[in-house]
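Using the hints, put the two standalone chains together into the complex.
Residue numbers (numbering that gives the first Met the number 0), protein chains in the order written: chain A, 0 to 334; chain V, 0 to 565.
Just so you know, the hints here were simulated from the structure itself, not pulled from any lab data. Quick caveat, the model's predicted, so the values are computed rather than measured. Just to be clear, a hint being listed does not mean it is correct.
As the list claims (entries may be wrong) - Label-pair ranges, simulated between beta-carbon atoms:
(1) V/ASP523 / A/VAL158: 51 to 61 Å
(2) V/SER313 / A/HIS295: 32 to 42 Å
(3) V/ASP144 / A/LEU78: 45 to 55 Å
(4) V/ASP505 / A/HIS187: 56 to 66 Å
(5) V/SER313 / A/LEU15: 26 to 36 Å
(6) A/SER193 / V/PRO439: 47 to 57 Å
(7) V/ALA178 / A/LEU115: 29 to 39 Å
(8) A/HIS187 / V/PRO476: 50 to 60 Å
(9) V/ALA495 / A/PHE162: 53 to 63 Å
(10) A/PHE162 / V/ILE315: 24 to 34 Å
(11) A/SER157 / V/ASP381: 21 to 31 Å
(12) V/ASP477 / A/HIS295: 27 to 37 Å
What the hints assert, rightly or not - Subject to a maximum C-alpha distance of 20 Å in a straight line, what follows is the list of computed SDA-like cross-link-like pairs (lysine to any residue):
(13) A/LYS196 / V/VAL231
(14) A/LYS48 / V/PRO124
(15) V/LYS272 / A/TRP177
(16) A/LYS48 / V/ALA182
To be verified - Calculated from the model, a selection of chain A residues having no Cβ within reach of chain V, i.e. all distances over 12 Å:
(17) LEU39
(18) TRP87
(19) HIS295
Every residue, glycine too, gets a C-beta built ideally from N, C-alpha and C.
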Amino acid sequence: MLTFTLRRLLLAIPTLLVISLVIFLLVDLAPGSPMSEIPLTVPPDVRRKMIEALGADQPVFFRYFLWLRQFFWVEPVTLFDGWFGTSWAGGEQRILSWQSRAPVFTIIGQRIPQTLTVIGTAYLVGILIALPIGIYSAYRQYSLFDQLGTLIAMIGFSVPTFFSGTLIIIIFAVTLGWFPTKYDTNLHVTDWASFVKQLQQMAMPVMTLGLANAAVISRYMRSSMLDNMGMDYVRTARAKGLTERVVVLKHVLRNSMIPVVTVIALGIPSIFGGAIITENLFGVNGIGAALIGAIHASDLPMVQTLAFIFAVLIVTFNLIADVLYGLLDPRIRYD
Amino acid sequence: MKLTTALLGAACALSFAPAAFADRGTDGEVKFTFPQAVSIMNPFLSSGTKDVYAASLVLEPLAGFDADGNIIPKLVTEIPTLENGGISADLTSITWKLLPDLKWSDGSPVTADDAVFTAAYCMDPAGGCAQLSKFDSVAKVEAVDASTVKVTFTGPKPNPYTAFVGALSPLLQKAQFAACQGAAAPTCTDPNNMPIGTGPFKVTGFTVNDTVTLAMNENYRDPAKPAFASAVIKGGGDAEGSARAVMETGEFDYAWNTQIPPDSQASMTAAGKGEFVVAFGTLVERIEMNMTDPDPALPEGERATVKHPHPILSDIKVRTALSKAIDRQILSDVGYGAGGMPTCNVIPAPAAWASDNTGCIAQDMEGAKKLLDEAGWVPGADGIREKDGKKLHILYQSTVNPIRQDFQALVKDWWTELGVDVELKAIDPSVFFGGDAGSPDTFQKFYADVEMYANNSDGTDPETYLSQYQCVNAPSPDNQWQGENMNRFCDPAYDAKVKVLSTTVDVAERQKLAKELNDMVTKDSMVVVPLVHRGTLSAHSNTLGGVKINAWDSEMWNVADWFRVK
Numbered sequence: 000m001l002t003f004t005l006r007r008l009l010l011a012i013p014t015l016l017v018i019s020l021v022i023f024l025l026v027d028l029a030p031g032s033p034m035s036e037i038p039l040t041v042p043p044d045v046r047r048k049m050i051e052a053l054g055a056d057q058p059v060f061f062r063y064f065l066w067l068r069q070f071f072w073v074e075p076v077t078l079f080d081g082w083f084g085t086s087w088a089g090g091e092q093r094i095l096s097w098q099s100r101a102p103v104f105t106i107i108g109q110r111i112p113q114t115l116t117v118i119g120t121a122y123l124v125g126i127l128i129a130l131p132i133g134i135y136s137a138y139r140q141y142s143l144f145d146q147l148g149t150l151i152a153m154i155g156f157s158v159p160t161f162f163s164g165t166l167i168i169i170i171f172a173v174t175l176g177w178f179p180t181k182y183d184t185n186l187h188v189t190d191w192a193s194f195v196k197q198l199q200q201m202a203m204p205v206m207t208l209g210l211a212n213a214a215v216i217s218r219y220m221r222s223s224m225l226d227n228m229g230m231d232y233v234r235t236a237r238a239k240g241l242t243e244r245v246v247v248l249k250h251v252l253r254n255s256m257i258p259v260v261t262v263i264a265l266g267i268p269s270i271f272g273g274a275i276i277t278e279n280l281f282g283v284n285g286i287g288a289a290l291i292g293a294i295h296a297s298d299l300p301m302v303q304t305l306a307f308i309f310a311v312l313i314v315t316f317n318l319i320a321d322v323l324y325g326l327l328d329p330r331i332r333y334d
Numbered sequence: 000m001k002l003t004t005a006l007l008g009a010a011c012a013l014s015f016a017p018a019a020f021a022d023r024g025t026d027g028e029v030k031f032t033f034p035q036a037v038s039i040m041n042p043f044l045s046s047g048t049k050d051v052y053a054a055s056l057v058l059e060p061l062a063g064f065d066a067d068g069n070i071i072p073k074l075v076t077e078i079p080t081l082e083n084g085g086i087s088a089d090l091t092s093i094t095w096k097l098l099p100d101l102k103w104s105d106g107s108p109v110t111a112d113d114a115v116f117t118a119a120y121c122m123d124p125a126g127g128c129a130q131l132s133k134f135d136s137v138a139k140v141e142a143v144d145a146s147t148v149k150v151t152f153t154g155p156k157p158n159p160y161t162a163f164v165g166a167l168s169p170l171l172q173k174a175q176f177a178a179c180q181g182a183a184a185p186t187c188t189d190p191n192n193m194p195i196g197t198g199p200f201k202v203t204g205f206t207v208n209d210t211v212t213l214a215m216n217e218n219y220r221d222p223a224k225p226a227f228a229s230a231v232i233k234g235g236g237d238a239e240g241s242a243r244a245v246m247e248t249g250e251f252d253y254a255w256n257t258q259i260p261p262d263s264q265a266s267m268t269a270a271g272k273g274e275f276v277v278a279f280g281t282l283v284e285r286i287e288m289n290m291t292d293p294d295p296a297l298p299e300g301e302r303a304t305v306k307h308p309h310p311i312l313s314d315i316k317v318r319t320a321l322s323k324a325i326d327r328q329i330l331s332d333v334g335y336g337a338g339g340m341p342t343c344n345v346i347p348a349p350a351a352w353a354s355d356n357t358g359c360i361a362q363d364m365e366g367a368k369k370l371l372d373e374a375g376w377v378p379g380a381d382g383i384r385e386k387d388g389k390k391l392h393i394l395y396q397s398t399v400n401p402i403r404q405d406f407q408a409l410v411k412d413w414w415t416e417l418g419v420d421v422e423l424k425a426i427d428p429s430v431f432f433g434g435d436a437g438s439p440d441t442f443q444k445f446y447a448d449v450e451m452y453a454n455n456s457d458g459t460d461p462e463t464y465l466s467q468y469q470c471v472n473a474p475s476p477d478n479q480w481q482g483e484n485m486n487r488f489c490d491p492a493y494d495a496k497v498k499v500l501s502t503t504v505d506v507a508e509r510q511k512l513a514k515e516l517n518d519m520v521t522k523d524s525m526v527v528v529p530l531v532h533r534g535t536l537s538a539h540s541n542t543l544g545g546v547k548i549n550a551w552d553s554e555m556w557n558v559a560d561w562f563r564v565k
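Okay, chain V solo, but in the shape it has when bound (with noise of 0.2 Å):
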């Protein structure tokens, strides 16, 4: 009887996933492509998404998330809990203990004094971490053992989980790295582009802006994997050409970033030689109110900063009429198609801290005149509404975009039939997200009336999001424009929610204290309007298995457990 069931059950085993009994290297190569080619292979130097996901083919954090966003452990035993002592009662340490046995792609052993090097390397001032938030309040990491490592704050931290979770902070190799610290960091070109990790692959060859080729690492933790012997990542083109060499020629396994309309979407799955995958994170294309008068007769230095309050937009009423007037779910598929979804909140996931505020995707168009009529703005002579003999004029900018400039074409339409007379102006991306604090075209100055962009959450967890909107945030002459806090959005209520945010424990608590912010910003102020809740787009082949797309991680986080679909 034992012996039968264990029989019966090693059967169901083999048929259920023959690919988790493949051995390492036996599925030949896996190869990406990128519509951004690689620049360099250490996320701590990056500047873009592209970089962090390849380097996560060989570098790895202590820890990392699931595609449901739940913390996993990766090189360590289990994740630290105050259950388990790995954090202390007064949440200003945390501990991990890294797995026994473990090795670099060279063979030689993992310790914590790699993680005392990786701190140590990202914090210091002279480096240019692109990273540094990841340390942000940690106060000293210190190697306890050989295997242990202990992070300390400055204070109590509610959310330990930012040093070494996740793929944007990673473990680097003391040894290899190690004349490559502070100012030096930069000039490192070669540990830069082939850095020696602990993933399923290690860097065989490295083009500047092109391709990236590597081979299974040998010493992976897995005897077993992982399934594929090599990878190539190529980079570079565009979106259309990287989904096209996936889902219509099959020259490439996996495409990453493949954002391209909803119609050649369609056309391309029709091929079968693939699927496009969605990974639904916290980015969301929004539009924000400016809560300060950027009228350009204001003399430089007033003109949209707290001084001055918006003559129009500080009224609630405009506001919320403005916002009812959109017709979100147009929005979506016009621009977005499976890669986008109506949304109403900041927050939009994860499911348990977002908000479930939907009220503002049906389109209201009677209810949103109602209310500039009960404000005060009646419809003049030629249609446009006016108060006081000053016309509702608005002027919204985004950055040169093809969806963009089909938003602000709908949303004009829209904001035309309820009288309001708008003016688009598209600003190239890298001066409108550029932040140089001389051209008046970022979109910190903000002037303008109304801007959109999307921006995202980091992680799972929204604190440090929430808190871009409290009052000092605000970008202003005094601050070199510097801050998130693009509206100029100012509530003391918020800012003191914000404060009890960062010092709740309790994950429930913390939860429902971010819905109530996220709440604050959206639908009870109407000062930041969400419009499309952003997936990433991706393409796979129909002959790689195991790909499970994941918005809060690298999306090759389980790259170990791909196979070849035979």
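Chain A with its partners taken away, still in its complex shape (with noise of 0.2 Å):
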């Protein structure tokens, strides 16, 4: 196991280098100028000037191991110093944003905590959901239970976001008037008030999101329980004289879980991919806003940046997924 491991993370090392320069010639290569945002007042040679001040008229592979030295050297050992008070990087250029000029990683810190609240509330609130559901449906084949579970469920895989979004705007901020439409960024829960006020900020985007996933999730646990539910350690389980409670709760779910938590896991680097709708439509600034924010403007370094480091994410879960199935099923070992 422990060399399954080992082989997998050295074998990563060549994946994400290839990964991260494809990224990088892709952006590139993209059209569109990071001067495509200003104004048509600015005379062209003034433009000219500011590409140059932005480094972005280097030719694309000096930029590149640029980056990459930026990412793998300048960028950890700031952030040593930062947290020993060191000074190993001298004042070394770090990733700036071709935006708005500041570090991408002071940026990312700063974004990262509103993403992992909102959209990993709205994935814990989703599994939490979708789990109870996904078992009784199964259980209850065919019943009125598991046929409007299904409904919800497809509701939710079929409508869009930006969608089912703005409808819950509609209902709960236009006309109830219960939460706002706006995330507060500057709010610090300090006492019960403003716990509350962060809740209900939290209400709508958390919503939106808790539907889609809870969608995905349901019925991949309905599905993997009524592949279990017929197998014949069910039938002994029963023949034993166990409670239904029991068989189900002990025996089904148990195997039935396998491939459920492999779809959670492989969900989670999602998170930090942030939502890029969702974040959007309600003023979270969590990285999808920053990501879509990066795009339009043509922003590499940002989305460079961001893209590896969801790369980095997917390739790490992955990892962990299959160390879990070791986990969760003596039957598979990679020795």
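This is the structure we're talking about:
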């Protein structure tokens, strides 16, 4: 198991390098210019000088290697300096966003908490809703509950968040006036009143995303349970005289969880990735909103760094899912 | 008698403007929402209006513009003119006198050195200053004494109100930015995000592309202002969401740039929580005609260059017919509602500079058909006009934008009725405006017959803007497809008039020349076909008082006078 993990980790290095190059070239070769948002009243020679000041006129491979160096050396060292008060980085140039001229990692650091609280909560809420629905739907297949669950799941699957989100805003913010439409980033939870405020401003984005997440996971849970319900070991368990509760929740559920855990684990990187549409809609300044803003402004360093971090997370959680398999199912070992 | 009059006067003043007597910081917080979030608070490094407007709460220029486009003093005692000797008789220099006892928000005095530094900062070749054109033809900026700034130009400058005038070229504090000049400019994250200014507010917190929090500036020059103790600018989302937050839920006081469809404007106004205000600047949505041949069969390097005149559009009758077939009122109503009005001018405002050219507003389909008949384009068997066996086919490009696609569809209908075969093309705005010489789809390359976009003149004086239509500014392979004369319009008489304009001082004479130049590219030649004069639509809450929307400076130009309606 350990050698397997190590082998996978080593293999991840060249994979990630290739991914980083591909992302860089894709983003760089995509049409668009960091100057496209500048008003037309700015004359062309001034634009050219601005591009030179950004370093955007350098050859692509020069910029790629500079980015690699900044990502793998300057940024970690700067982080280390920040923790231990050393000064090894010696003021070396960090990765700067072209749009805001601020270090990309500072921006990411500012935005991760919002993404984790909002998107993470939505994911958690989604799982908590989905698992019981999936289990009960499978246990009482074709019952009214199952049909209703299927219907809601289908809605969650097929209605895009920009539609369900706007609908939720119109119902809960405009008509009922319960929740604010714009997320207040500067709200600090210090007492009960501010905690209630935080819950209020999280309610609508969590609802929007929770519905979509729950739909996906509940379907997986249901089908996985159905696969196992008909197995021989379930009949054996019942024949032994075990209660239905023990049969379903202990024997069937544990075996059914294997594919579901994979789905859940593989979904975790998407929490860090944020939710582009939902974050934009509700003014949550998370990673997703940062990514789409950077793409609009052709802010290459920001897009490149974010996309690469997503790649790292996906590779990591794939590995974690594989290891978890082994823990859940003793038959699967990679020795 | 005297006492009674005085008392009456005082009573009147009190009853008319209670807010004017409100003390500093007594009205709580004013909340802004911008559909595009603020990226940086330094206008010299910014890439968009959102940043310039946000910065205008903090940073101030020496002089600004009021809602009618008149120049007004901000940090100076008076506006320098030829009469008061502030502008030298030979027009080569302008001298500004700073207000006495002026302080930065950190309490240190504002001196002429700060202005000298600001000029050096922006004019540094390695700094990539976005507002460099404000310092165009500035030879040197010097401090005559601690409170006198003298700007000397390389030659006579009829319009010297460029450097240090308007939200685009404010004063930076030398002490804060001293280490940020040249190549170091982009790396100074803290000063760029939290500049020290002289404005009514100072930055207390900045999250990139999200929120700016501001507090009142205790050292602001008017001790009774601002009425608000703090301000917050929340960015992101879309125009619809911003408008909703002001007009329907009332969470915010002011939303900038809420360009939403006319039917949504009406339904949101009906909610009764706020109102939309429109600032009409010089932004004009127009169709530009290509005077050169964009035929893909031509070799690269000759395609869409002056070597090959356009086979169809070189004929003024065709261009006029295409313009006549358009109903500009419908376009304006469908696309912009209150935020637009039909126009025939490239320079639609200020009123004193705008030509009285309204001949194009009424649609004239029959006249248009007659013109095409005269030009020799007669309807063929399929209804499409043809001449010498060639079909009247037009490629009409624009950017991806719902309103522009509506416009394209409407115009296509009218032109089809005229007997023109229209092909539509929509290009991603970041490519279209990106200016990448390697891309075939930029508006400079203009590999199409006509293209539609919006452009505007910077400030009230349109000299620079009009000079863009000179022959030399035509984009071509020789200048890496840079240049603003997209049409490749070339008229020696036009160039000569631009030259006259650049040396004319008298304002009335300048206005006359500007109108003539405007007519030369529009109604006389139909090279530029203006469609809609577009305003910036913003929304403010009914509880926010003092808003005077301004198209010539920052929309928040008078934020110090804003107050809470109680």
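Status of each hint after checking the structure:
Range check, V/ASP523 to A/VAL158: about 55 Å between beta-carbon atoms, so the 51 to 61 Å window is met. With their beta carbons about 38 Å apart, V/SER313 and A/HIS295 fall inside the hinted range of 32 to 42 Å. The given range of 45 to 55 Å is respected by V/ASP144 and A/LEU78, whose C-beta atoms sit roughly 49 Å from each other. Taking 56 to 66 Å as the suggested C-beta distance range, the pair V/ASP505 and A/HIS187 conforms, at roughly 60 Å.
Separated by about 57 Å at the C-beta atoms, V/SER313 and A/LEU15 break the suggested range of 26 to 36 Å. A hinted range of 47 to 57 Å holds for the C-beta pair A/SER193 and V/PRO439, which are about 55 Å apart. Evaluation of the 29 to 39 Å hint for V/ALA178 and A/LEU115 yields a pass: the beta carbon distance comes to about 36 Å. Distance hint check: the CB atoms of A/HIS187 and V/PRO476 are about 57 Å apart, consistent with the given range 50 to 60 Å.
Under the hint 53 to 63 Å, the C-beta atoms of V/ALA495 and A/PHE162, about 58 Å apart, fit the expected range. Between A/PHE162 and V/ILE315 the Cβ separation comes to about 49 Å, which falls outside the hinted range of 24 to 34 Å. Look at A/SER157 against V/ASP381: about 43 Å separates their beta carbons, and that is not inside 21 to 31 Å. A hinted range of 27 to 37 Å for the beta carbons of V/ASP477 and A/HIS295 is consistent with their spacing of about 32 Å.
For the suggested pair A/LYS196 and V/VAL231, the alpha carbons sit about 18 Å apart, so the restraint of at most 20 Å is met. For the suggested pair A/LYS48 and V/PRO124, the alpha carbons sit about 8 Å apart, so the restraint of at most 20 Å is met. With a C-alpha separation of about 17 Å, the suggested pair V/LYS272 and A/TRP177 falls inside the 20 Å cut-off, and the hint holds. A distance of roughly 11 Å separates the Cα atoms of A/LYS48 and V/ALA182; the hinted pair therefore holds under the 20 Å criterion.
Not every beta carbon of chain V lies more than 12 Å from that of A/LEU39, the smallest distance being close to 5 Å; the non-interface claim is violated. For A/TRP87, the condition that its CB be more than 12 Å from all CB atoms of chain V holds, with the nearest at approximately 18 Å. Chain V draws A/HIS295 into its interface by the beta-carbon criterion, the shortest separation being 7 Å against a cut-off of 12 Å.
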